[in-house]
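Number of protein chains: 2
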Amino acid sequence: MILEEFLKKNAEEIDMELYNLFGAVSGELNKASAHLLLAGGKRLRPAVVMLAAEIIRKGSSRDILPAALALEVTHTFTLVHDDIMDGDSVRRGEPTVHCKWDEPTAILAGDVLYAEAFELISKTIAHDSAKIKSVEILARTCVEICQGQHEDMTFEVRDDVDSYEYIDMVGKKTGKLYAASAAIGGILAGCSLKQMSALYDWGYHSGIAFQIQDDFIDLMASSEKSGKDRASDLREGKQTLVAIKAKEAGVDLSGYRKENLTDEEIEEAISKLNKAGVIKEVEDIAMEHVKHAKDMLIILPECEERKLLSDITDYFITRGF
Amino acid sequence: MILEEFLKKNAEEIDMELYNLFGAVSGELNKASAHLLLAGGKRLRPAVVMLAAEIIRKGSSRDILPAALALEVTHTFTLVHDDIMDGDSVRRGEPTVHCKWDEPTAILAGDVLYAEAFELISKTIAHDSAKIKSVEILARTCVEICQGQHEDMTFEVRDDVDSYEYIDMVGKKTGKLYAASAAIGGILAGCSLKQMSALYDWGYHSGIAFQIQDDFIDLMASSEKSGKDRASDLREGKQTLVAIKAKEAGVDLSGYRKENLTDEEIEEAISKLNKAGVIKEVEDIAMEHVKHAKDMLIILPECEERKLLSDITDYFITRGF
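First to last, the sequence lines map onto chains F and E. Residue numbers are given in UniProt numbering: position 124 of the first sequence equals residue 124, and the series is strictly consecutive. Residue numbers are given in UniProt numbering: position 25 of the second sequence equals residue 25, and the series is strictly consecutive.
Treat the hints as calculated values from the structure; they're not laboratory data. Among the hints, erroneous ones may be present.
Treat identical chains as interchangeable: a pair holds within one or across any two.
[As the list claims (entries may be wrong)] Listed next, the in silico DSBU-like pairs over lysine-lysine satisfying Cα-Cα at most 30 Å (straight line):
1) Lys31 with Lys100
2) Lys123 with Lys133
3) Lys8 with Lys123
4) Lys123 with Lys9
5) Lys123 with Lys194
6) Lys100 with Lys238
7) Lys9 with Lys258
8) Lys272 with Lys133
9) Lys133 with Lys194
Kindly generate the complete structure, drawing on both the sequences and the hints.
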């Protein structure tokens, strides 16, 4: 199966399951919790959970479906809270929860999703020992995501962030949840420790590549295409890898740090970055993580799902603007 | 052992364990997470976890200590987020997390504690099936606490809240976490379903009594004694049981809904409430829940720890201002 087909089918299945669970909730808090969860998305983390499980044990993805949902719910909880902190007003083409409702409701909506993620893990059909191990990994991952988000915020008021700090930060903020998705899928399907470790590392490095690409998308894609405010990183002067490498290359982006940035100004910035070789340099770093991630898969049983996991890594850095 | 001695010894033990876990953390986010956790408190929820476990299996409280900490950590996470929503500046005599740091850090600090609670459950020495059941109960409880907090906020802009809605709200906001504390202590020590149900109901009704008393303390205790701003409920016009019963009795409290309330004005309000029989009526409702709670304990093995659990219920409505 080609990746595109798989992801489409998987997203439809996850959308349906989420709709069954959260589509008919009553009360404003539950509606606020369901809002972003039901606003679509590529459902990449559930796809990773399902594929990792299938690699380890054919037919296991049906049993561990609640865990796949748990990883999407966890991701959504972090987005709801991040949007408050970052002051973002649009996500997946919808108003963010704190804009549609209010900040207290958005804090609680995120907290509700947080709990529901752990509840979903507990409802998976798997050995209790595998479920407890999954709870432990998911909990540690949530701590690391929070640390990554906090570092991301502190980077905004620093001007000396280097590329190693950036990679470590996005590793926590994005890499760890892909790592947990793959590892939890494998664990619940009964993988060995060595397999778990390989799946975890695959997810971690794929996630870093994903986040580097995400920063490119923020810079290059139109608001209509990305469903988010365009170039918010540039406007806010965020310390993305592009910004760090731009600084190293002597490209001054400070003039673009303003609220109302026109598309022309954004194009001008991209042109400067291209000329200075910054875009190429950042792409090369992403490619290193892609290679590292794909190398991890070699110890796993060769099968269609392993190929799809490998294709996902490629997709992470080729998905369009 | 008398309750006071037990609670003192338990609080010292829990303080020490929390200090060992969170006392030497580095980084601002981890410090913000540890701040309120290390600011003392009566450690009542861990006490309940430990007692429930001992009732079911003598000597089990040592094994399930991480779960006792998990319940305190959960409680602390809810306080950190609630303080943001309620705009409170002082808690346990310390500045609240969002005041000492900032709102984004406080959101993340609560999120970190949230994950650590589940991680602690996974580290308990108990059967995996008991741990997964505990995860499930804790997760559902967190959803209910959020719902209770959201209802509490919506009550502020309503003037038709009745006492049944209030009891249901505090049952979610406070009762359920005591219920979970008792049930999880019992489950991890190997209790039967019937025993779990009794422990859960004991905690639920004790917690309701606790919250009614907490509202009294907010009204009557000095800031120095409670470690919180005095009479914040009165100032904010919160729909406490006192306020609801005052309205039913024709006592107008709207004049006290202002930022700078003097101690004389607070005493005047209390005097009006006493004269109208409101205080007595609310105390009677609390006593009904105390009786219900204590009745639940009868099916459990008779022992010193069962007596202490019963004494805790009494303590909940007698603790001073």
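Okay, the hints, checked on the actual structure:
1. When the C-alpha separation of Lys31 and Lys100 is checked against a cutoff of 30 Å, the pair qualifies only within one copy, where the shortest distance is 11 Å, while the shortest distance between copies is 32 Å.
2. For a Cα distance limit of 30 Å, the shortest separation of Lys123 from Lys133 qualifies both inside one copy, at 14 Å, and across copies, at 10 Å.
3. In this assembly of identical chains, the alpha carbons of Lys8 and Lys123 lie at most 30 Å apart only when taken from the same copy (25 Å versus 38 Å across copies).
4. In this assembly of identical chains, the alpha carbons of Lys123 and Lys9 lie at most 30 Å apart only when taken from the same copy (23 Å versus 37 Å across copies).
5. In this assembly of identical chains, the alpha carbons of Lys123 and Lys194 lie at most 30 Å apart whether taken from the same copy (26 Å) or from different copies (22 Å).
6. Taking identical chains as interchangeable, the C-alpha atoms of Lys100 and Lys238 lie at most 30 Å apart whether they share a chain (25 Å) or sit on different chains (25 Å).
7. For a Cα distance limit of 30 Å, the shortest separation of Lys9 from Lys258 qualifies neither inside one copy, at 41 Å, nor across copies, at 57 Å.
8. When the C-alpha separation of Lys272 and Lys133 is checked against a cutoff of 30 Å, the pair qualifies neither within a copy, at 48 Å, nor between copies, at 57 Å.
9. Proximity of Lys133 and Lys194 under a CA criterion of 30 Å is satisfied in both settings, with 15 Å inside one chain copy and 28 Å between copies.
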